[in-house]
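Protein chains in written order, with my numbering: chain H, -3 to 293; chain S, -3 to 293; chain C, -3 to 293; chain G, -3 to 293.
To be clear, the hints were calculated from the coordinates, so they are not data collected in a lab.
Any given hint might turn out to be false.
Copies of one chain are not kept apart here, so a pair can be met inside one copy or by any two copies together.
[What the hints assert, rightly or not] 25 Å max Cα-Cα, derived BS3-like pairs, lysine-lysine:
1) Lys240 with Lys195
2) Lys195 with Lys217
3) Lys145 with Lys110
4) Lys11 with Lys240
5) Lys277 with Lys148
6) Lys36 with Lys148
7) Lys217 with Lys11
8) Lys277 with Lys195
9) Lys240 with Lys36
10) Lys148 with Lys195
11) Lys145 with Lys36
12) Lys277 with Lys36
13) Lys11 with Lys148
14) Lys277 with Lys11
15) Lys217 with Lys145
16) Lys110 with Lys36
17) Lys148 with Lys132
18) Lys217 with Lys3
Each chain is listed here by its residues.
4 protein chains.
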Amino acid sequence: MEMNIQKIGFVGLGKMGYPIAKNILNAGFELRVYNRSPEKMSSLLSAGAIEAASPREAAEGSDAVITCLMDDQTELECTLGADGLLAGLTSGAIHIGTATISPNCAATLAELHKNNGSHYVAAPLFGRPDAAAAGKLLTYVAGDEDVIKACKNLFEAYSGSHIYMGDNPKIVNSIKLTMNFILVSLIELFSQAYTFAEKSGIEPEFTQELIMTVLHHPVLKEYTTRLRMQDFEPAAFELIAGHKDVELMLQASSDVRAPLIFASAIREKFLSALARGMAEKDWSAIYEISRLNAGLP
Amino acid sequence: MEMNIQKIGFVGLGKMGYPIAKNILNAGFELRVYNRSPEKMSSLLSAGAIEAASPREAAEGSDAVITCLMDDQTELECTLGADGLLAGLTSGAIHIGTATISPNCAATLAELHKNNGSHYVAAPLFGRPDAAAAGKLLTYVAGDEDVIKACKNLFEAYSGSHIYMGDNPKIVNSIKLTMNFILVSLIELFSQAYTFAEKSGIEPEFTQELIMTVLHHPVLKEYTTRLRMQDFEPAAFELIAGHKDVELMLQASSDVRAPLIFASAIREKFLSALARGMAEKDWSAIYEISRLNAGLP
Amino acid sequence: MEMNIQKIGFVGLGKMGYPIAKNILNAGFELRVYNRSPEKMSSLLSAGAIEAASPREAAEGSDAVITCLMDDQTELECTLGADGLLAGLTSGAIHIGTATISPNCAATLAELHKNNGSHYVAAPLFGRPDAAAAGKLLTYVAGDEDVIKACKNLFEAYSGSHIYMGDNPKIVNSIKLTMNFILVSLIELFSQAYTFAEKSGIEPEFTQELIMTVLHHPVLKEYTTRLRMQDFEPAAFELIAGHKDVELMLQASSDVRAPLIFASAIREKFLSALARGMAEKDWSAIYEISRLNAGLP
Amino acid sequence: MEMNIQKIGFVGLGKMGYPIAKNILNAGFELRVYNRSPEKMSSLLSAGAIEAASPREAAEGSDAVITCLMDDQTELECTLGADGLLAGLTSGAIHIGTATISPNCAATLAELHKNNGSHYVAAPLFGRPDAAAAGKLLTYVAGDEDVIKACKNLFEAYSGSHIYMGDNPKIVNSIKLTMNFILVSLIELFSQAYTFAEKSGIEPEFTQELIMTVLHHPVLKEYTTRLRMQDFEPAAFELIAGHKDVELMLQASSDVRAPLIFASAIREKFLSALARGMAEKDWSAIYEISRLNAGLP
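Isolated chain H, as found in the complex (with noise of 0.2 Å):
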């Protein structure tokens, strides 16, 4: 297969959107934008964008569209419809979607195309509106990997690196909600510590420095190596006395007044652990626990 992607149709000028059409447009392709509210385009045609006046005319022509939109309904309504991407997609022509979709969202998109002889590609974007800005955004992309390849010179106009996770375009989005979802736990966890330790009478400055040093410490790696091997004999530090220490974090919560939400809820998987005779392992192993409520081996 042998295609040149110039010519880009580009839909959603949203926070991140704009930034990567910027730079698309900077690099030298030919730039083709669509965008619900059509001030935000200004600027793009003042530096040489074309108008489009819907996600159908934003695709004609075009060798590529990208959307950055977002959410699953509004993928969905940009893409089916009277002008919606596929009734302007040439055959062959590609739909690169950037947003955080939902993976079955991501398979009906692919399999829409497959029908329609167009090509989707789940390329879900890792970074924020400054990276975007700055040409350093991370993309994983799947789908075809020979249209993948033919669009490295794209990728390289708005993402600092793109990494190549194979056809199945529901594992990017898979990836995308795995990091969100650690993110935003982390998040969680920093604010119920802060909350724990102040009304506990430790200064804020030193939670953070508390924080942090457990995030960089060496330990991790070896948690999460134990994890994946399911290595949880000899133990380091044994489930009995992990269970007793989550006891004492939520004896201390009550004495100071502070909720701790996720130390209720590891209290449960010790309890569940204890329960099926693993007091002496790891503890870690409650890593156990979550396999089985998920039906795993």
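Following the hints, complete the assembly by docking chains S, C and G onto the known chain H.
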């Protein structure tokens, strides 16, 4: 106050206690040891330690007694009663408690010693048995500053570093619990992330990389600062968009049949924040819900 | 408005739909049926029903069409498109939706019908297949009052009773979800109670008696009234004492190794209430925490 | 054993203790009372009770002593020490403990009395102050059967009914905790239901009716029986359909911004059940997840 801390009592030769006692003996201190199971004392006795038949005997004639026990109850039992530490300690002598105990229990011990004319130093250990053997523990200490200064050589004999945290013995136990809370929450977070990722078709090796990438990402320093400063405007990522992402995680967790209990708990925080009109703040403003629920302003 | 509701379309012959359709046919209405798996129609056709090849055909010529489907998606698919209900319904005709769908989906359907010149009546079913067969269902209905009055005989043909709840179709779906929420929460509560009791050495027969005793105890009427009136002073049982009891439950659950996830969640509510200075209010004042977290005054 | 229980000691004249002591005095027993705040004793003394200066004095010469205290700690403090009950009770005398204490504390008390030659009877109270005043409490009692028979007149003097539950004192405290767990879970359930309903536009009066209707619905007897028999096939309502409903509740709770923490917890149970292949069982089979997580077969 001029104290020469040379004669040390030691109670509790478990996985942590044994290597610590050995390091103290090796550093040239005179060591009087007691352990409930006497056989664990034998190699220390061969190396020059003196056998004590009770915590009281370990305390008699000692400048300082270190306890390295399991929990609140064993700590109190070892301290009180006819054969307890208090019955043996001379006026002005010191009890250094290294166990992870409740802040309230630490306060009780400090009060008991005050009434007894002796000193309590709270000094919970940060590190595991291998760090103890290598003398690379970290110790946060609280209690009378002069007393702690007098113990400098002793701390250096068994702990790589020790940091003075003021005179309130509760604080260092609260710090220890905060740190363990962060650590165990991370283990549970890894458990959920691995489980969700595996059921989504992501290889564990990749998930581990993803976890380590997030943990070392500079954005975490930024988030811990935002929380510390309670600085949620302007948003880097809006709370309303964060809520959408959490709902996507939960939807995906339903689709792959993998419970994500932290995401469920976090969802409630987002809803509560949205119900209070915080949609346009940074998503890290869910911290405010933790604060409100702990009665903080 | 004078409507004679006699010709009925029916879509969805599942466990609930089949006995309802049969009761309607038995009551003398003219019945046009459609089901995705045609074999389920046969006995109704033998009994005089007319076969429809699509939802549209079931709607054509009908005064009212009843849908008895699975979820939002099937309800929308059955309504929209070339073969959907809307394409077949004549102006002024009625769509009665009996499925448990989201309140938002009900609002969407009402809007679609309004634009189409037809009427949507939300009428989720309360009861299970045996109640449907016996004509003893309960139906809360919402929509245009005159339209609903005109359907009186139809409702009586398949539902033991029906109660008019105003013209907002969302409300009755919210009621249905509230009711199911209460029911499923009770089932989970029973699960936890049986598990904790069994591990504490209590016979299941006795636990069942205990559960039924509490459920029928007059104090529950009192508590639901206190909550409704937000009347928490003077306390019948103080919040601080309730907190103590919840901690006892959790301690006992630790001792017998039986997770009590509701008690953990409730503990956080008590802590939050205590943190806000509510120690001396009645323990049912934990309701105020739910209200605050939902942005209610 | 022939015991004539006529001289009664009483410790703890709080909201529950005072009316109970009064009923015992009114029934003609000789009453020796002790309370930490002496002023609460005055009206009982005027009515013929004898003042005791300590728990020990209340016990001296008494056939049985009733304690009506706050928690584990006060119960143990009142029992032990130079001025405690044990120091005053003659051989063969009885301690009746009415507080809600931990099952483990009840076992400890029974052991202490056994070693002392006295008897411990666990007799936690079911009912509130108004029921105590009216002599309409319910008491589950555990301990030596002959001892309890000998106390028949005493129990009848202050408790409307008392039921013998065997000789293990832990059981009746576990029963009490189970019952309080059910009750407080119902209060929290009402809280969430009222909150969700109010934000969905449903009147509180209607919500109360809905709650009471569900609580008295015969289907609950059926569900408690299903759980007790672990009888989940055939399904009355399939687990996969139940899961759909729980997701609808959560979606609606998002839409109206009202956290539904029980629904979130229940969602995890449904996912876990689906992950284990239970989609077609009755939805009440989520009980099996609670059993598995408690190590039950």
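Those earlier numbered hints the structure runs against, lowest number first: Violated hints: 5, 6, 10, 11, 15, 16, 18; rest satisfied.
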